[in-house]
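Chemist: Here's the letter readout for the chains.
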Amino acid sequence: MSATLPSRASSAMLDTVPKLLLRNASAFAGRPAMREKAYGIWQSWTWAQALDEVRALSIGLYVLGLKRGDTIAIIGDNRPRLYWTFAAAQALGAIPVPLYQDSVADEMAFVLEHAEVSFAAVENQEQVDKVQSGLDRAPSLRSMIYCEPRGLKKYDHSRLHSFEDVQAIGRDELKKNAGTKDWWLAEIAEGKGSDISVMLYTSGTTGKPKGVMLSHANVVQSGQNANIFDKFTIDDTMIAYLPMAWVGDHIFSYGQAFAGGLCVACPESPETAIEDRREIGPTSFFAPPRVFENMLTQIMVRMEDAGRVQKAMFRYFLGVANRAGEKRLNGEELPPKDRVLYWLGDKFVYAPLRNRMGLSNLRIAYTAGEAIGPELFSFFRSLGINLKQLYGQTEASVFITLQPDGEVFPETVGKPGPGVEIKIDDSGEVLFKSPGVFQKYYKNDDATAETKTSDGWVRTGDAGFMDTRGHLCIIDRAKDVGRLNNGAIFSPKYLENRLKFFPEIKEAVALGHGRDFVTLLINIDLVSVGNWAERNNVIYASYQELAAHPEVYKTIERRVDEFNRALAKEPRMAASQIKRFLVLHKELDADDGELTRTQKVRRSFVEDRYTPFIRALYDGSKRASIKTEVTFEDGRKGMLEGDVAIVDMTTYDVPERTPMKEAAE
Amino acid sequence: MKADVRQPVGGGAADAMPGEVLLSVKDVSLSFGGVKAIRGVSFDIKRGEIRAIIGPNGAGKTSMLNVINGFYHPQEGTITYKGQARQQMKPHIAASQGIARTFQNVALFKGMSTLDNIMTGRTLKMRRGLLAQAMYWGAAQREEIRHREFVEKIIDFLEIEAIRKTPVGKLPYGLQKRVELGRALATEPELLLLDEPMAGMNLEEKQDMSRFVIDINEQFGTTMALIEHDMGVVMDLSDRVVVLDYGQKIADGTPAVVQNDQRVIDAYLGVAH
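As given, the protein sequences belong to chains A and B, one line each in that order. Just so we're aligned, residue 6 is where the first sequence starts under the numbering used here, counting upward by one. Just so we're aligned, residue 910 is where the second sequence starts under the numbering used here, counting upward by one.
Quick caveat, the hints were computed from the structure, so don't treat them as lab data. Among the hints, erroneous ones may be present.
A few chain B residues that face chain A, going by a derived Cβ cut-off under 7 Å, partial list only [as the list claims (entries may be wrong)]:
#1 Glu1061
#2 Asp1124
#3 Glu1127
20 Å max Cα-Cα, derived EDC-like pairs, lysine to aspartate or glutamate [unchecked claim]:
#4 B:Lys1062 - A:Asp639
#5 A:Lys42 - B:Glu1061
#6 A:Lys159 - B:Asp1124
#7 A:Lys159 - B:Asp1145
#8 A:Lys181 - A:Glu195
#9 A:Lys158 - B:Asp1124
For clarity, every value in this text was computed on a predicted model and none was experimentally measured. All C-beta atoms in this analysis are idealised placements derived from N, C-alpha and C, irrespective of residue type, glycine included.
Excised from the complex, chain A in its bound form (with noise of 0.2 Å):
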């Protein structure tokens, strides 16, 4: 079978997904379009197959009464099934809602309200209980279909249908009226790009979560988009294992899935779903930073119980992977040795590593969502792994920037997708304008406005800027971006990101808005620094004297000056280079009040605390004192007395030589 698409022409007829399944299911018939695993075994469905269970689910629930405009929640893991209703719902003109299975049922009592839900698709008892316990609050909730029959025995059944019992009404009906098939078909028909597709609602850090709603247009093109741009044919295979709720699910496993052929795994359960990778082997994975985080760590934590061999190649071919890797991958020329040594090194270890994590057939690997270490980032690619980032959200179907192969830079988070405009408004905040903006939230028309610009374009709430090479760097949110007194962007969140990446830093609170130039305050990190401690039998009794430590000082000095020589290569950030810093005598801490419980640092109340050391940091002097109060873990609480030094660091210049003020004394 040809792996090439329908041409263009005959692609604008396709602009829902249920019109994608008729064309799939024609023109791929025999390929597979789901697997999963049940009972230890991968099964299997062709694209045939699939719109066989399409059809007659959507038969099914038109039959219990589903219509046209109505909203069906969908709660559960990534199962076949789920995603069929999906498609069943859409062929109906029905909209999709789902739901995050592991939300609590207050939770997910707003959304079925807010949404006005008439059905719900679930997978089990557990999202059965969860649903009806806030079944008052969603009276126009009719009927409820699960998967999993278990456990529902006893349940009441009069508005609880089986999966299997609402296909079997579907199946009953085709056989009984001929004419059924040619009006499903007329239903699919009627289905237009404009329509609401599918709602989404984000999980929303502040107030209650909005619904995002996408039309068939917003989901098609992403998928289509995003398949031109890494060429996927229907020869790729992922794996769904995010959830069903979260946009990027959506778009990749559902989306692109249809609108290129592609074969969707769902893995067996989530706890199996690394093994499961390893057996499906995809060849497109996508994970947040904190997922091959794990993956690394557990790499780390296996070579530690490997032989003395086995750990020194290990040791050696990394080494090869760090200098040539990345190169490789990003089709640089490799001197002759390093082509063999890395030969000989993907033979003994880089394959067996990408084979134990399940990554033996892939050829990309996305990740976004939050920062990404540059070392991690780093260690994946030398390993042959084409991992890159991508910057996106929920109003954008996903999409907005992705790094193209061949020109991934850590610090960015890449190039404008296909169809993706990107300006950058004065306060820095990055807007964009693209076939997946969002229709709107819904029944939120205030957000909308605040979120819509009138001419189209939609605010990401994120400060970035475009660098020299058309990446788009992200640098903050923009609600948290100041401004230092010359005028130059300060974006507190992006120093102490980066700066955290280094082993000897903990945390890191950068201080610059409405002041000359910018200053730190350091913690360092007991565990790396400790170790550097025992190895160099350096003694100290406490956090406090290690942290005083002029060895440790003259650690972080290199690190911050190594910091400010990156910063200077970034025009609009160069302003931001380190010009004072010390390291502060006390860890910061949740019981003190200077951390939140979730680790983040409470800026506002540490530079209350901490003013001596600030007002030091700014008028020149070379050492601080302050007494501060602390909490004891048994909640007494203590003074503490610190007296630290202040360094000052060397400014860069611009390379391309663009003015910047020297702020000098």
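Guided by the hints, dock chain B onto chain A, whose structure is given.
Modeler: Just chain B, lined up with the frame of chain A:
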């Protein structure tokens, strides 16, 4: 734990249960030399119910289970299972008649995987000889595949897919208990004897296990007799409770009745003589 697991929303009553007696124990006494472990105990277990056997330490609960599955032979009394009185009973005969059990201290093959351990529960159902199975061909192969499918359904039911191939010796205690339950289920029992299924578990593991017990009972209609010390669990799970103390039955009835019985309270809290 108190979450009302027994009453599903809009649910049918859990008490719409059983009529027929599956097993009855009549005037059973068991002694080891001079120690009288069980003294003239009578009770019955009805088809489809969850029957709890409780009592302070040394009350004779485990001995009672051992009598039921034929490991011990009572000196006096009769045991009637499915309408047939039995005299001498061997555990493997009890097993082939549909009685399965789990143990107070897990008794699994530590070096074998979860899958293989549960597969051993199918041994009695294997029809082909050793040689045919070793050849793994034709009918023997088909039979093995059928059994494997059954075992996979149990693995799915107990949600232990992730440890399918892990040697059970490496598993935490709570999971080992679950594997043991799986092995007992593999025999397709009519009567399942659980000896302290929640002992040594944390709250979450107990909740999981309670759910499995209920689901097994509902889904397969399996009759269960369980020994348990956690009163919350007993009161939530069981349909009827029999209380033993010093080898004698001191109470028998629904959890509510037993809970308020003065002799039970005395036995547990102690009483001045």
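Chemist: Restraint: Glu1127 of chain B near chain A, CB-CB cut 7 Å. Satisfied or not?
Modeler: holds, 5 Å
Chemist: Does Asp1124 of chain B lie within 20 Å of Lys158 of chain A when you go C-alpha to C-alpha?
Modeler: It holds: about 9 Å lies between the C-alpha atoms, which stays within 20 Å.
Chemist: Between Lys159 of chain A and Asp1145 of chain B, is the straight-line Cα distance small enough, at 20 Å or below?
Modeler: holds, 16 Å
Chemist: Check whether the Cα positions of Lys181 of chain A and Glu195 of chain A lie no farther apart than 20 Å.
Modeler: violated, 24 Å
Chemist: Was the hint right that Glu1061 of chain B lines chain A, CB cutoff 7 Å?
Modeler: Status holds, d = 4 Å.
Chemist: Run the distance test for Lys159 of chain A versus Asp1124 of chain B: straight-line Cα separation, threshold 20 Å.
Modeler: It holds: about 10 Å lies between the C-alpha atoms, which stays within 20 Å.
Chemist: Tell me if the interface restraint on Asp1124 of chain B is satisfied: Cβ within less than 7 Å of some Cβ in chain A.
Modeler: With a minimum Cβ separation of about 5 Å from chain A (threshold 7 Å), the hint on Asp1124 of chain B holds.
Chemist: Given the hinted pair Lys1062 of chain B and Asp639 of chain A, is their alpha-carbon gap at most 20 Å?
Modeler: Between Lys1062 of chain B and Asp639 of chain A the Cα gap is close to 51 Å, so the pair fails against 20 Å, i.e. violated.
Chemist: Holds or violated: are the alpha carbons of Lys42 of chain A and Glu1061 of chain B at most 20 Å from each other?
Modeler: Between Lys42 of chain A and Glu1061 of chain B the Cα gap is close to 11 Å, so the pair holds against 20 Å.
When the structure is compared with the earlier hints, violations turn up for hints 4, 8 and for no others.
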